[in-house]
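S.K.: Next come the chains, spelled out residue by residue.
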Amino acid sequence: MNMTIAELEKKARILRLHIIKMIGIGQKGHLGGSCSLAEVVTALYFYKMNIDPQNPSWEDRDRFLLSKGHAALVQYAALAEMGFFPRKEIKKVKCLGAMLQGHPDMLTTPGIEANTGSLGQGLSMACGIAAGLRLDNKKSKVYCIVGDGELAEGQIWEAAMTASCYKLDNIVVVLDKNGLQATGIITDRYDTNPHAEKWKAFGWHVSEVDGHDIKEICDTLDMVDKITGRPKIIIAHTVKGKGITFAENIVAFHNGELTPEQFERACNELT
Amino acid sequence: MNMQNPRQVYGETLLKLGRENKNLVVLEADLSKSTMSCLFEEEFPERFFEMGIGEANMTSFAGGLALAGKIPFTNSFAVFAAGRAYDQIRQGISIPGLNVKIVGSSAGLSDFGDGSTHQSVEDVAIMRAIPNMTVLVPVDGIETRKMTIKISAYKGPVYMRLNRHDLPDIFPENQEFEIGRSYLIREGKDIAVFANGIMVSKAVRASEKLEKEGVSVRVVNVSSLKPTDENDIKKFSSGVKGIVTVEEHSLIGGLASVITYILRGSGVPFMTIGIEDRFGQSAHSYDELLAAYGLTEDNIASSVRKLLC
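The listed protein sequences derive, respectively, from chains A and B.
Numbered as in the numbering used here, the first sequence ends at 271 without a single skipped number.
Numbered as in the numbering used here, the second sequence ends at 309 without a single skipped number.
Okay, chain B solo, but in the shape it has when bound:
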């Protein structure tokens, strides 16, 4: 399976968009070699703003650039992009709906070594709670590219959460990405698994394992956490005996909240897999850390089995 790094794809896409649109500007808080905004800087230094280690100022400054007609993309780790700059996003950008794209890199537990201070378990919840904000979590490099292109053309504030690591290609190359839509990745009839980000690939592997046991699992990529087309979710949950949600995020305010809210009153049995109400921690590998938080294909498979008992 082909693997791509979402950060690399994002950086290359920004560069391509920058060649096509002179109003696209990029801001960075001293992490350009990690977020890969450095690719844009190399070719367009005059449209690249190194803002130092100051995410709050960077975010409000981006609002000012948007007021001057630019399309700013701010870059930092997700934990800082959504956390440190929360008030700047809320007050100056989201209230007036300014055209600022906030890209949270090394999201979730993907910065495994740096521990709880650098891992974002609640960024999606924070951003979803802000009126006017669009919140997106791409599944892989392909969707990262399509999403970056799409949000550059969309007018309004967007938060996009990116994984630090190589991810297997899942999003069909011939499928258009649309803000708000969810995508069927694998057909199945017994249980529907709604997932996003890295957890989609784990859900696919779990479904392949379960297929050998005679269990048919539908896997859906919910990359738009806000807005989320309710009809998609209802359509993809129809006819199944249960639902599993899987996310590399707190169970509070993320995908579990989205799906359970949309399907409230439906009577369909649920299992939710995500990070319990706690912070991350350091580990020597990403997989080790994900496993410690129950974010594994085995856990997805056992949740499916429980729903069918």
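If we strip away everything but chain A, and leave its shape as in the complex, we get:
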């Protein structure tokens, strides 16, 4: 998809607006960790990945797994904007019987590759897909987003060892390093740092980006394609709740509700 940086930035803002509208008024929703990923998810869907909304199961597609599945809203926004399903579906998120469940569900939603959200498991699944694609000599890449709070799950590190043990260079992880877990600041609560050093020690190629700088994200996604023989992680320094000023870096908006005034203000900020 040929979009300028300015167009991609606008797209990220549209994703955030969808997120706010999906959360609505007086209902809990994972605002913070969805908004922190708007630029990363935009760069992947609208710049980087080879995918076809008209053929979601195209066998040569790149794969996207949201291991931190609670940020599903940002993925739903991207899939709707890509045309994987009608935009009207996003109004029905989490309704009984809806296509869009609280966490990604591959059975109900076109474009979802795996059932994620039990934290720590998505990366192992991504590694399995990468290994399977390699057995078939496919050129497809597997992108997987993990959270810095999620790094407390031991299985993340089991998968990190697997990826380097099997030299899975067709997998790219993006770490959403927003610094907050559900109940507070990570460095105050359960500190998973240092991140770069840990991933390097596990045999990964590590790069770091400003997770809200679309150009830097796109350039880095292109750059890591040239790294072979080992898995790659891009540590994206992000702000939880980014783009909605009153929610930025506020723990309560991990899975919070919006008042009518907050809803209106957020919409105004994003339009």
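Derived from the structure by calculation, the hints contain no laboratory data.
Keep in mind the model is a prediction, meaning the values are calculated, not measured.
Here a beta-carbon is modelled for each residue, glycine too, at the ideal position from N, C-alpha and C.
One thing to keep in mind: the hints can contain errors.
Between beta-carbon pairs, the in silico distance windows are [stated by the list, open to error]:
#: 1; chain 1: B; residue 1: Leu308; chain 2: A; residue 2: Met161; range: 51 to 61 Å
#: 2; chain 1: B; residue 1: Glu46; chain 2: A; residue 2: Glu261; range: 52 to 62 Å
#: 3; chain 1: B; residue 1: Glu178; chain 2: A; residue 2: Glu197; range: 48 to 58 Å
#: 4; chain 1: A; residue 1: Thr187; chain 2: B; residue 2: Asp87; range: 57 to 67 Å
#: 5; chain 1: A; residue 1: Gly203; chain 2: B; residue 2: Asn132; range: 32 to 42 Å
#: 6; chain 1: B; residue 1: Ala292; chain 2: A; residue 2: Asn55; range: 57 to 67 Å
#: 7; chain 1: A; residue 1: Gly154; chain 2: B; residue 2: Asp169; range: 36 to 46 Å
#: 8; chain 1: A; residue 1: Val251; chain 2: B; residue 2: Asp87; range: 24 to 34 Å
#: 9; chain 1: B; residue 1: Asn132; chain 2: A; residue 2: Gly184; range: 29 to 39 Å
#: 10; chain 1: A; residue 1: Gly154; chain 2: B; residue 2: Asp114; range: 21 to 31 Å
#: 11; chain 1: B; residue 1: Ala129; chain 2: A; residue 2: Leu96; range: 50 to 60 Å
#: 12; chain 1: A; residue 1: Trp58; chain 2: B; residue 2: Asn132; range: 22 to 32 Å
Partial pick of chain A residues on the chain B-facing surface, computed with a CB cut under 10 Å [what the hints assert, rightly or not]:
#: 13; residue: Arg63
#: 14; residue: Glu81
#: 15; residue: Met106
#: 16; residue: Gln121
#: 17; residue: Trp157
#: 18; residue: Tyr166
DSSO-like cross-link-like pairs, simulated, lysine-lysine; straight-line CA separation at most 27 Å [as the list claims (entries may be wrong)]:
#: 19; chain 1: A; residue 1: Lys138; chain 2: B; residue 2: Lys155
#: 20; chain 1: B; residue 1: Lys22; chain 2: A; residue 2: Lys139
#: 21; chain 1: A; residue 1: Lys167; chain 2: B; residue 2: Lys150
For this one, chain A is given, so just place chain B on it according to the hints.
M.R.: Chain B in isolation, oriented as in the chain A frame:
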């Protein structure tokens, strides 16, 4: 009576299936010489994934392989396959119904020396409780082979529980195995014994003993713990004066639960033989351990006699 080791048969069958289907892949958590997945590894190293001692990651990784179109068989001891990896099986595999085969080896008390940490008394119950999961317990080497072939062609998650030791051939070679079906092993009219795994052979021996006392016992192999064809169970329990269930598993959530649920309201008298609500322990022999938990042909015979009193 011919004896075969289910692990050996399983390993040989996997190898044969691997020759026929390049999409079959095998995962192992450092127990390949015990689960016998080593036979597959020798011939197909590129399709064999040593995952180290990490059952959780192995199981989710297998889910990923299934998403890439492969047919993964994961291997570990039953206690770890169903226990350590429970959440991975539930969340990533069973909810979307991924095509992963989870093989729990050295199941029940069959790893007699290693004690409670390595013996699985509740794996069938855990796996049966998960929606979309198929749960199978072969009676012998023949059924292990037929079952392994069948589940490799079935699309969806399966848990198969294997005994560590040589077992006598019981399943008729000319009988096809079908998921869900139960099989009449010995005809009889007074009491029906529903059993699975190693306990079927003990039920057969008990029935031979009872025959000399003039008691006619029907023995049924219930190797599909989920799904279980209710009509089979009702058919095989018709006309008898009582039912005995026998399993090398907790009485909670295994065969006793299956049979008593299907026959609820029938009024037929029951005896259930299995492991009471407790863990295993170490012993110097398998038979010694089974006896300590009441899993013997004598106990089956005395239960039958009690039902006829």
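S.K.: Where does the structure disagree with the numbered hints, that is, which hint numbers, in rising order?
M.R.: 4, 11, 14 and 21
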